[in-house]
Each structure stands twice: as structure tokens, then as C-alpha cells.
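Let the hints inform the model, and build the full structure from the sequences given.
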Amino acid sequence: VLFRSDAIRLALGAVPMLILSLTIVGLLQGAGAIDLLQQLLKPLLNWLHIPQNFVLPALVKCVAGGTAYFGVISELIQQGKVTVSQVNASAGLLIQTFDLPGIGIFLGISSRFVRLFRFVVPAAIVGILLRTVLHLILF
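Going by the working numbering, the sequence shown opens with residue 1, and the numbers climb by one from there.
No lab work stands behind these hints: they were computed from the structure.
Any given hint could turn out to be false.
Label pairs and their computed distance ranges (CB to CB) [unchecked claim]:
id : residue 1 : residue 2 : range
1  : 127       : 45        : 22 to 28 Å
2  : 33        : 75        : 14 to 20 Å
3  : 115       : 46        : 19 to 25 Å
4  : 44        : 126       : 18 to 24 Å
5  : 115       : 44        : 32 to 38 Å
6  : 81        : 102       : 39 to 45 Å
7  : 111       : 78        : 41 to 47 Å
8  : 49        : 115       : 37 to 43 Å
9  : 104       : 27        : 18 to 24 Å
10 : 62        : 16        : 14 to 20 Å
11 : 126       : 9         : 30 to 36 Å
None of these values were measured; they are calculated from a predicted model.
No residue lacks a Cβ here, since even glycine has one placed at the ideal position from N, Cα and C.
Right, here's the structure in full:
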């Protein structure tokens with residue numbers, strides 16, 4: 001029973017953060033900040049062979065988490081702005097739990113995780129970089 005109540009508390013505590021995150025991304029998109037960011041990053045993205053259309057999903061993933069990312073990327077696929085191959089190539093970087101909501105959930109799980117967090121960050125970054133390289137090679 002203790003575990004169920006903790007899970008419910010944790011899930012309910014994440015809802016306001018998710019709503020706030022999605023609202024901020026929506027406001028940025030409505031104000032044209034995403035388009036501006038795409039233009040500013042265009043030379044770097046072209047050099048790295050990354051489609052400009054990945055700026056919005058990457059931002060959404062970092063700020064609002066995986067569920068929001070999948071919603072945005074699904075819409076972009078339906079609109080023909082990104083391909084499934086591009087999504088597969090980006091999966092090593094973008095499909096992971098090391099984003100703001102994920103970190104918030106991990107930190108909320110237990111006080112022990114907070115103490116271990118400084119060790120977890122480098123390991124998570126190395127793992128994400130390794131997966132990114134492998135996905136770029138494979139796809």
C-alpha cells in the first residue's frame with residue numbers, strides 16, 4: 001500500500017510540471033522563438049546534417065519529457081516534415097529519461113538518489129552519447 005500511495009503522489013506531482021512545460025513550449029512556438037532558434041542554429045545543424053525540424057522536438061523532449069516528444073514527433077511525421085529514418089537516427093539522443101521531468105521524478109523517488117545524482121549524471125551522459133553514435137552509424 002505504501003508503494004501505491006508513493007506512485008500516485010509522484011504521478012500527481014508531475015502533472016503541474018508537465019502542464020507548465022507544455023505551456024512554455026507552446027508560448028515559445030507561438031511567439032516565433034522556435035523559428036528564430038532554428039534560424040540561429042541553421043549553420044550548426046547543416047554542418048551536423050541535422051534537419052532543422054528537430055529543434056522543436058528536441059526542445060520539447062528536454063523540457064516536457066518523452067510523452068510530449070512523441071506527440072510532437074508524430075505530428076511532424078504526419079505532416080511530412082521528418083521521416084521515420086530521421087527519427088530512428090535521432091532516437092539514441094532523444095529517447096531516454098535524462099530530461100527535466102525524468103530528473104524530477106528520479107529526485108522525488110528517494111533522498112538516497114539525490115546523494116547519488118552526482119555519480120549518475122556522468123554515466124547518463126556517456127550512455128546517451130554512446131547510444132547516439134551507435135544510432136547515427138546504424139541509421
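Hint check results:
1. A hinted range of 22 to 28 Å holds for the C-beta pair residue 127 and residue 45, which are about 24 Å apart.
2. Checking the proposed 14 to 20 Å range against residue 33 and residue 75 shows it holds: the Cβ atoms sit about 19 Å from each other.
3. Between residue 115 and residue 46 the C-beta distance comes to about 43 Å, which lies outside the given range of 19 to 25 Å.
4. The given range of 18 to 24 Å is respected by residue 44 and residue 126, whose C-beta atoms sit roughly 23 Å from each other.
5. Judged by the Cβ atoms, the range 32 to 38 Å given for residue 115 and residue 44 holds: they are separated by roughly 37 Å.
6. At roughly 26 Å, the beta carbons of residue 81 and residue 102 sit outside the given window of 39 to 45 Å.
7. In this structure the hint that residue 111 and residue 78 lie 41 to 47 Å apart at CB holds, the actual value being about 43 Å.
8. Separated by about 40 Å at the C-beta atoms, residue 49 and residue 115 satisfy the suggested range of 37 to 43 Å.
9. Against the hinted window of 18 to 24 Å, the Cβ-Cβ separation of residue 104 and residue 27 comes to about 20 Å, which satisfies the hint.
10. Between residue 62 and residue 16, the C-beta spacing of about 18 Å keeps the proposed range 14 to 20 Å intact.
11. At about 32 Å, the CB distance of residue 126 to residue 9 agrees with the hint of 30 to 36 Å.
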